[in-house]
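Sequence order for the protein chains is A and B.
Going letter by letter, the first sequence gives residues 784 to 892 in this note's numbering.
Going letter by letter, the second sequence gives residues 1384 to 1579 in this note's numbering.
Hints were generated in silico from the structure; no laboratory data involved.
Cβ coordinates follow ideal geometry from the N, Cα and C atoms, glycine included.
Watch out, some of these pointers could steer you wrong.
[Unchecked claim] Straight-line distance between alpha carbons at most 20 Å, and here's what the computed SDA-like set of lysine to any residue pairs gives:
{"#": "1", "chain 1": "A", "residue 1": "K861", "chain 2": "B", "residue 2": "G1401"}
{"#": "2", "chain 1": "A", "residue 1": "K861", "chain 2": "B", "residue 2": "K1492"}
{"#": "3", "chain 1": "B", "residue 1": "K1492", "chain 2": "A", "residue 2": "H803"}
{"#": "4", "chain 1": "A", "residue 1": "K860", "chain 2": "B", "residue 2": "R1393"}
{"#": "5", "chain 1": "A", "residue 1": "K861", "chain 2": "B", "residue 2": "L1419"}
{"#": "6", "chain 1": "A", "residue 1": "K860", "chain 2": "B", "residue 2": "L1407"}
[What the hints assert, rightly or not] Listed below are several chain A residues computed to face chain B (Cβ distance under 8 Å; list not exhaustive):
{"#": "7", "residue": "R805"}
{"#": "8", "residue": "Y807"}
{"#": "9", "residue": "S809"}
{"#": "10", "residue": "F811"}
{"#": "11", "residue": "M815"}
{"#": "12", "residue": "V820"}
{"#": "13", "residue": "V835"}
{"#": "14", "residue": "L840"}
{"#": "15", "residue": "F853"}
{"#": "16", "residue": "I857"}
{"#": "17", "residue": "I863"}
{"#": "18", "residue": "F873"}
{"#": "19", "residue": "L877"}
{"#": "20", "residue": "L878"}
{"#": "21", "residue": "P881"}
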Amino acid sequence: MSDHTAAPMAGDHAVDIDKHVRIYISVFVALMVLTIVTVTVSRFHLPVPIAVTVALLVAIIKGSLVACYFMHLISEKKLIYAVLGLTAAFFVVLLVVPVITVHDGFWIH
Amino acid sequence: MDIPYTVEVRRDTGLTNGKIGIWLFLASEVMLFGALFASYILIRTGAPTWPRGDTMLNVPLATVNTIVLISSSVTMVMAWASLMRNRFGTFRIYMGLTILCGLGFLVIKYFEYSAHFHEGAIPSTNNFLAIYFTLTGLHGLHVLGGMAVNAYFWGPGAKLWKTNPTWFTNRVEHAGLFWHFVDLVWIFLFPTLYLL
Chain A
784 MSDHTAAPMA GDHAVDIDKH VRIYISVFVA LMVLTIVTVT VSRFHLPVPI AVTVALLVAI
844 IKGSLVACYF MHLISEKKLI YAVLGLTAAF FVVLLVVPVI TVHDGFWIH
Chain B
1384 MDIPYTVEVR RDTGLTNGKI GIWLFLASEV MLFGALFASY ILIRTGAPTW PRGDTMLNVP
1444 LATVNTIVLI SSSVTMVMAW ASLMRNRFGT FRIYMGLTIL CGLGFLVIKY FEYSAHFHEG
1504 AIPSTNNFLA IYFTLTGLHG LHVLGGMAVN AYFWGPGAKL WKTNPTWFTN RVEHAGLFWH
1564 FVDLVWIFLF PTLYLL
């Protein structure tokens, strides 16, 4: 979206926006299909580790579609990537540090 | 004094200040929800037993809510695209639909919460319900906040379109980034709480 920050536009830029709109609709359809996949898979009552893996995998794909296309992260400026990279690093620390202190987690047995 | 770099981008960052500001705010939001997700993992892994979400929660209603929120993300980005095409009337329609979807989400959540309370299922009942109400309650507050901002841009805030359309378009873009983030959080909350 940063490419379009100086907005409202006409002419060639309007054609560019039309292309974006077609992508938004495709992403919307993909998100709907993936939502149905998530719910359907949950009905199979898979073992917890497999169910967690599948559910998180689908959620990560859906989240990536929203972030890349609706939030336009696919074409952002370097500074935004730097901020998000730092955030991702701290987010991983936030999740991992408390978990490795637990000795009775189900994956440690 | 005018706020600097609301329309033109800073030469050093290549971004408007508003864009940097909203992304820094979203970074702090990632840490807020990240802390709660970490709490969820700790509580769940530390519990001797943990109920499957679908045995305690209403999955069909939550599925409908997922569809409603994803749809609202599309209408939000279409509202911004309408401004980019200089179509203010279309912007109003899409932004209105976004607000209505947000309202629909909260109404469905109200019915879900009411059913839980009616059954005596409250946050103090067990750890599952405690983390469920905390995460979905905080998320619901974010939906409410996003709706308030969107309603401002649909109504009184839209006056800016007449005097400075580029600034208005940028502000709608920033509101959209927050709204998509709220959608993104729900995409992870839904399977985590309801399906696993």
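Structure-based check of all given hints:
1. Taking the CA atoms of A:K861 and B:G1401, the gap is near 16 Å; set against the 20 Å cutoff, the hint holds.
2. At roughly 38 Å between alpha-carbon atoms, A:K861 and B:K1492 are farther apart than 20 Å, so this suggested pair is violated.
3. Between B:K1492 and A:H803, the direct Cα distance comes to roughly 32 Å. Violation of the 20 Å bound is thereby established for this hinted pair.
4. Simply put, A:K860 and B:R1393 have alpha-carbon atoms about 12 Å apart, close enough for the 20 Å limit, and the pair holds.
5. Taking the CA atoms of A:K861 and B:L1419, the gap is near 29 Å; set against the 20 Å cutoff, the hint is violated.
6. This hinted pair checks out: A:K860 and B:L1407 have alpha carbons roughly 14 Å apart, not beyond 20 Å.
7. Taking 8 Å as the C-beta cut-off, the interface hint given for A:R805 is violated, the closest approach to chain B being about 11 Å.
8. With 8 Å as the threshold, the beta carbon of A:Y807 comes within range of chain B, its nearest partner Cβ sitting at about 5 Å, so the hint holds.
9. Annotation: A:S809 was flagged as interfacial toward chain B, and the flag is violated, the nearest CB pair being 11 Å apart, outside 8 Å.
10. The criterion of a C-beta within 8 Å of any C-beta in chain B is met by A:F811, whose closest approach is roughly 5 Å, and the hint holds.
11. At a threshold of 8 Å, the smallest CB-CB gap from A:M815 to chain B is about 7 Å, leaving the interface hint in force.
12. Residue-level restraint check for A:V820 is violated (minimum Cβ-Cβ distance to chain B is 11 Å; threshold 8 Å).
13. Hint status for A:V835: holds, given a least beta-carbon distance of 6 Å to chain B, under 8 Å.
14. For A:L840, the suggested interface contact is broken, since its CB lies about 10 Å from the closest CB of chain B, more than 8 Å.
15. Because the beta carbon of A:F853 sits about 5 Å from the nearest beta carbon in chain B, less than 8 Å, this interface hint is met.
16. With a cut of 8 Å, the hint placing A:I857 at the interface with chain B is violated, because the nearest CB-to-CB distance is about 13 Å.
17. With a least beta-carbon distance of about 5 Å to chain B, the hint placing A:I863 at the interface is held under the 8 Å criterion.
18. Interface restraint check: A:F873 against chain B, minimum CB-CB distance 6 Å, threshold 8 Å, status holds.
19. About 5 Å separates the beta-carbon of A:L877 from the nearest beta-carbon of chain B, less than 8 Å, and the hint is met.
20. Because the beta carbon of A:L878 sits about 5 Å from the nearest beta carbon in chain B, less than 8 Å, this interface hint is met.
21. Interface hint status for A:P881: upheld, as the beta-carbon distance to the closest one in chain B is roughly 5 Å, under 8 Å.
In summary, the structure is inconsistent with hints 2, 3, 5, 7, 9, 12, 14, 16 from the numbered list given earlier, while agreeing with the others.
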